[in-house]
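Given the coordinates of chain A, assemble chain B onto it according to the supplied hints.
Protein chains: 2
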Amino acid sequence: MKSYLFAPGPTPVPENVLLRMAAPIIHHREKAFSDLFEEVREGLRYLFQTKQEVLVLTASGTGGMEGAVSNLFARGDSVVVVRAGKFGQRWGELCEAFGLSPVYADFPWGEPADPERIRQLLDDNPSAKGVLVQASETSTGVMHPIREIAEITASRDEVALVVDGITAVGVFAMPMDDWGIDVVVTGSQKALMLPPGLAFVALSEKAWRMVEASGTSRYYFDLKKHLKSAQKNQTPYTPAISLVIGLHEVLSMLREEGLENVFARHHRLAEATRGAVKAMGLELFAKASPSDALTAVKVPEGMDGIALKKTFLERYGMVVAGGQDHVKGKIIRIAHLGYFDPMDMFQVIGALEMSLHKMGYPVQLGSGLKVLAEKLA
Amino acid sequence: MKSYLFAPGPTPVPENVLLRMAAPIIHHREKAFSDLFEEVREGLRYLFQTKQEVLVLTASGTGGMEGAVSNLFARGDSVVVVRAGKFGQRWGELCEAFGLSPVYADFPWGEPADPERIRQLLDDNPSAKGVLVQASETSTGVMHPIREIAEITASRDEVALVVDGITAVGVFAMPMDDWGIDVVVTGSQKALMLPPGLAFVALSEKAWRMVEASGTSRYYFDLKKHLKSAQKNQTPYTPAISLVIGLHEVLSMLREEGLENVFARHHRLAEATRGAVKAMGLELFAKASPSDALTAVKVPEGMDGIALKKTFLERYGMVVAGGQDHVKGKIIRIAHLGYFDPMDMFQVIGALEMSLHKMGYPVQLGSGLKVLAEKLA
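In order, the protein sequence lines correspond to chains A and B. Position in the first sequence counted from 1, then plus 236, gives you this note's numbering. Position in the second sequence counted from 1, then plus 236, gives you this note's numbering.
Check each hint, because a few of them may be wrong.
For identical chains, the list gives no copy identity; a pair is met inside one copy or between any two copies.
[Stated by the list, open to error] Distance condition first, Cα-Cα at most 27 angstroms in a straight line; then the derived BS3-like pairs of lysine-lysine: (1) LYS534 with LYS594; (2) LYS267 with LYS238; (3) LYS464 with LYS322; (4) LYS566 with LYS267; (5) LYS267 with LYS564; (6) LYS468 with LYS322; (7) LYS322 with LYS566.
It is worth saying that the hints were derived from the structure and are not from the lab. Computed from a prediction, not measured in an experiment: that's the story for all the values here.
Bound conformation, chain A alone (with noise of 0.2 angstroms):
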């Protein structure tokens, strides 16, 4: 059987990628590599529409996440989190292991923040140091209100706006400097079409005052020093040299396509998953703002959503994601971030349909794929 990957992250790798990658290594203190450094840091600051230095870590997206707090704050900070899904309790987890004083902004899951609940938080907490969210919450499918969050943060010189774009970057537009974010994070496995193993992070001058006067214990995400050794074309310590090859690659796709064209792209996929599971009478577990990096759709009532993932597998070869914690068997979710086009959504809601069908629920065949077509068309 053929084997499809559906899921948020890790994202299918382009053929051209994989096979660039498999090239012999090359060695990264030599100018190869430092050449193509070069160029990778240019294109990454296209993509996080940003003119500061995205440093390049050799991590998991968890690895950036933790960057920015450990060098942002210090025990005892006071930071507003928003929770609202699997990845903000990450940032409290987070949070809590280095000792600051999360105070949450609380959520129900499949729900955007309320920025004006951000903006109450703020004012009753003056000395907090930061807000932390999710542009894109993975575990729910859902959108925060980056923009309207950052409007609050910026006006506030003490207060840094730090945002997991794990899911976000590359999938929809989230102009950094132009809204003023403080700090963006994202990872390698998602719209970078890459294999897990690279996390990057952009830090505002705000934010980069603040790296000075936080006391907290860093060495490996240290930033100031990966900062410095990116200015010279170089990371402080031996970087996942065929990841970042690859990276040179699909930046390369990302430029070619055009970034505003990689947003469109997104966002007809999104919309036409969206209207095909409609079709079929199936309901968005996104209550407002559904993310177009992913689809998260309610199981129906009655059905085990661990047995429609796996029916999904065993019959059609295909892996995707299913609900965590409290929603596990409730959700199912459809990737459309990185490397898909219109063809692979057909794929997708094809096995959706006859899954369910295969499970007893009373779906019309073709009925999402006419709308997907009509969407797509």
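Structure of chain B alone, referenced to chain A:
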């Protein structure tokens, strides 16, 4: 021009491993990955010569070193740090970054540590909680006497021996359990023949007890969390999947060759290389205990080592390593760890003879090659 890589990391990646890593990416939360990871865990225990779990971190080797420091020790703890090269310095920097109070056992670059000095420092600092040392100091090509140091630490219940085995594991025998080593760290891009991006850490029971007691902030490198996930054939955060797949392949290769044969091969290549350079009238940088991972050679008096390194690259497409810090330009380092066999060594010794000749050093062409052939015949 063809390209040749003889630096002590990254080392060449076998073609079959490159191709296996170029297969379409799989999802890490699915059975296919967990099944593979179970075999990886077993292969790593074999490689580390331990019954303990060997944790797989998505990071450079330095990330593994940080994990050891931040999990075992706490702010204010006294530790003995062996410094006899660049990587000994790194242990020191890490300890200082995390607020420890290191007591330095400094030895000149090019010399192995004296275990009696370490015993004395532990006697003088009875509150010391660890000894941090390299098994093979990559910057100098010297092995430190780990077995002798382990005899000193093994009888002290409150002192952990923490070994950077980055150019030792898979090069020469260092049976962790038998010798009573408490922490062994390595990286993927050395004897493991993979691209950089994975670090490995194994802890003794004594070390795990110390983890329970240390209150240092950590999250991404929280080793207890990694242990708990590993026991379920998982990692707490998205791992560098393609590198883990390559790891599965190299571990099979190492097991097929047999660890004893792997060690013997490294020793044979190292002995032949050392014999060849001496036959050319050159001097080893290691005053004693040269490592089987690499051979550091003194650049002849009056010759510019940076120009010599450049000659290798420009005339023969060959990357060797130079010296770091105060020995920059004064030594060159030739690797023979990982995917090397006798045939490879003719290339590097041939290039060394011709490069020296080109630069006016009175080498008798063939003198090194002759000894190489004699030693390898």
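Evaluated hints:
no. : hint               : result
1   : LYS534 with LYS594 : within (17 angstroms within a copy, 72 angstroms between copies)
2   : LYS267 with LYS238 : between (41 angstroms within a copy, 16 angstroms between copies)
3   : LYS464 with LYS322 : between (33 angstroms within a copy, 19 angstroms between copies)
4   : LYS566 with LYS267 : between (52 angstroms within a copy, 21 angstroms between copies)
5   : LYS267 with LYS564 : between (49 angstroms within a copy, 17 angstroms between copies)
6   : LYS468 with LYS322 : between (37 angstroms within a copy, 20 angstroms between copies)
7   : LYS322 with LYS566 : within (15 angstroms within a copy, 53 angstroms between copies)
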